[in-house]
Amino acid sequence: MTRNKLYSLLLIACLAGFIYLFYNIHILQSQTFRVCIIKNVTGYPCPSCGTTRAVTLLLEGKIIESLLLNPFGILVAIAMILFPFWVLIDIILKKESFFRTYKKAETIIRKPWLASILILLVLFNWIWNIYKHL
Amino acid sequence: MDAQKVDMFMMTNAKYFEAHHLNAIREKLLSLDESKWGLVQTMQFKEPTTSLIVSLLGGQLGIDRFMIGDTGMGVGKLLTCGGLGIWAIIDWFLIMGATREKNMETFQNAFY
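Those protein sequences? They're chains A and B, same order as listed.
Under the numbering used here, the first sequence has 342 at position 15, and the numbering climbs by one with no breaks.
Under the numbering used here, the second sequence has 1532 at position 49, and the numbering climbs by one with no breaks.
Treat the hints with caution; some may be incorrect.
Unchecked claim - Taking lysine to aspartate or glutamate pairs in the EDC-like style, the calculated list, with each CA pair at most 20 Å apart, reads: (1) B:K1529 - B:E1501; (2) A:K431 - A:D417; (3) B:K1529 - B:D1485; (4) A:K430 - B:E1584; (5) A:K430 - B:E1588; (6) A:K430 - A:D417; (7) B:K1488 - B:E1510; (8) A:K332 - A:E433; (9) A:K332 - B:E1584; (10) B:K1529 - A:E433; (11) B:K1488 - B:E1517; (12) B:K1529 - B:E1588; (13) A:K431 - B:E1510; (14) B:K1585 - B:D1516; (15) B:K1498 - B:E1510; (16) A:K332 - B:E1501; (17) B:K1585 - A:E433; (18) A:K332 - B:E1588; (19) B:K1585 - B:E1517; (20) B:K1529 - B:E1584; (21) A:K332 - A:D417; (22) A:K332 - A:E423; (23) B:K1511 - B:D1490; (24) B:K1511 - B:E1584.
Just so you know, these hints were derived from the structure itself, not from any lab.
Computed from a prediction, not measured in an experiment: that's the story for all the values here.
If we strip away everything but chain A, and leave its shape as in the complex, we get (with noise of 0.2 Å):
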């Protein structure tokens, strides 16, 4: 992965995020449109479902409420708004500050008990989903 794929595609996924969070809002008014592979093909949720309705109810400044529907939100949410702008930052001032926090962040994750941690909250949260029925 070069610095200049990766900064490409995360621009490219925050746009797609951007204008899917757009369309989710405004145009789109019935509830029972589905992305999620997972839920339409067994019934239950995902680790994520949620995120999007959980986004929305951060932009609605009702951040409790987003944090019990799904906490993932408010983690999209950051990175939505922060890393764009990095990158942007980075591109401009022509450096690779960005790309080296990227990689120095895929090795700290990678150490086992720090993984297994992170794999149990994610399990705890897909368990959760399933008993909020999102």
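We have chain A; now place chain B onto it with these hints.
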């Protein structure tokens, strides 16, 4: 290194790399010292077909990306429900190539 040994390595391990990598790998192995043969023989590569199976089953949760060592992308896929389901489908077609690229990275880290 002995051309016969290099050819043996290429025959058994060609499936782990992209076609355009093979020539560079061959050249590199030929230029290596004979003492490296043990290290070359014991190198472990990830099977592209296995990662395709994992991608088909657990691609929504980013497990395929975690498996080949793309932790950052894996977290991205996990948090966004497989990139709204679209990225997960795209990855069914990209993951085999990505695995081969990762194998080339492993090879390069060992010998360059």
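Consistency of the hints with the structure:
This hinted pair checks out: K1529 of chain B and E1501 of chain B have alpha carbons roughly 13 Å apart, not beyond 20 Å. Restraint check for K431 of chain A and D417 of chain A: the C-alpha separation of about 17 Å stays at or below 20 Å, so the hint holds. Distance restraint check for K1529 of chain B and D1485 of chain B: the Cα-Cα separation of roughly 25 Å exceeds the 20 Å cut-off, and the hinted pair is therefore not satisfied. A threshold of 20 Å between alpha carbons decides the hint, and for K430 of chain A with E1584 of chain B the separation of about 17 Å falls inside it, so the pair holds.
Distance hint between K430 of chain A and E1588 of chain B is fulfilled; the C-alpha atoms sit about 14 Å from each other, no more than 20 Å. Straight-line distance between C-alpha atoms of K430 of chain A and D417 of chain A comes to about 15 Å, which keeps the hinted pair within the 20 Å bound. Restraint check for K1488 of chain B and E1510 of chain B: satisfied, since their Cα atoms lie roughly 13 Å apart, inside the 20 Å limit. A hinted pair counts as satisfied when its Cα atoms are at most 20 Å apart, and K332 of chain A with E433 of chain A qualifies at roughly 16 Å.
Between K332 of chain A and E1584 of chain B the CA atoms are separated by roughly 14 Å; this keeps the pair inside 20 Å, and the hint holds. For the proposed pair K1529 of chain B and E433 of chain A, the alpha carbon gap of about 19 Å is at most 20 Å, so the pair holds. A distance of roughly 10 Å separates the Cα atoms of K1488 of chain B and E1517 of chain B; the hinted pair therefore holds under the 20 Å criterion. Under the criterion of a C-alpha separation no larger than 20 Å, the hint pairing K1529 of chain B with E1588 of chain B is consistent with the structure, at around 11 Å.
For the suggested pair K431 of chain A and E1510 of chain B, the alpha carbons sit about 32 Å apart, so the restraint of at most 20 Å is broken. For the proposed pair K1585 of chain B and D1516 of chain B, the alpha carbon gap of about 24 Å is over 20 Å, so the pair is violated. Between K1498 of chain B and E1510 of chain B the CA atoms are separated by roughly 17 Å; this keeps the pair inside 20 Å, and the hint holds. A distance of roughly 19 Å separates the Cα atoms of K332 of chain A and E1501 of chain B; the hinted pair therefore holds under the 20 Å criterion.
A threshold of 20 Å between alpha carbons decides the hint, and for K1585 of chain B with E433 of chain A the separation of about 15 Å falls inside it, so the pair holds. For the given pair, K332 of chain A sits about 16 Å from E1588 of chain B by alpha-carbon distance, which is consistent with the 20 Å threshold. Between K1585 of chain B and E1517 of chain B, the direct Cα distance comes to roughly 25 Å. Violation of the 20 Å bound is thereby established for this hinted pair. At roughly 10 Å between alpha-carbon atoms, K1529 of chain B and E1584 of chain B fall within 20 Å of each other, so this suggested pair holds.
Our distance criterion of 20 Å between C-alpha atoms is met by K332 of chain A and D417 of chain A, whose separation comes to about 14 Å. A hinted pair counts as satisfied when its Cα atoms are at most 20 Å apart, and K332 of chain A with E423 of chain A qualifies at roughly 12 Å. The straight-line distance between the Cα atoms of K1511 of chain B and D1490 of chain B is roughly 12 Å, inside the 20 Å bound, and the hint therefore holds. Between K1511 of chain B and E1584 of chain B the CA atoms are separated by roughly 17 Å; this keeps the pair inside 20 Å, and the hint holds.
Against the hints set out earlier in the document, violations occur for numbers 3, 13, 14, 19.
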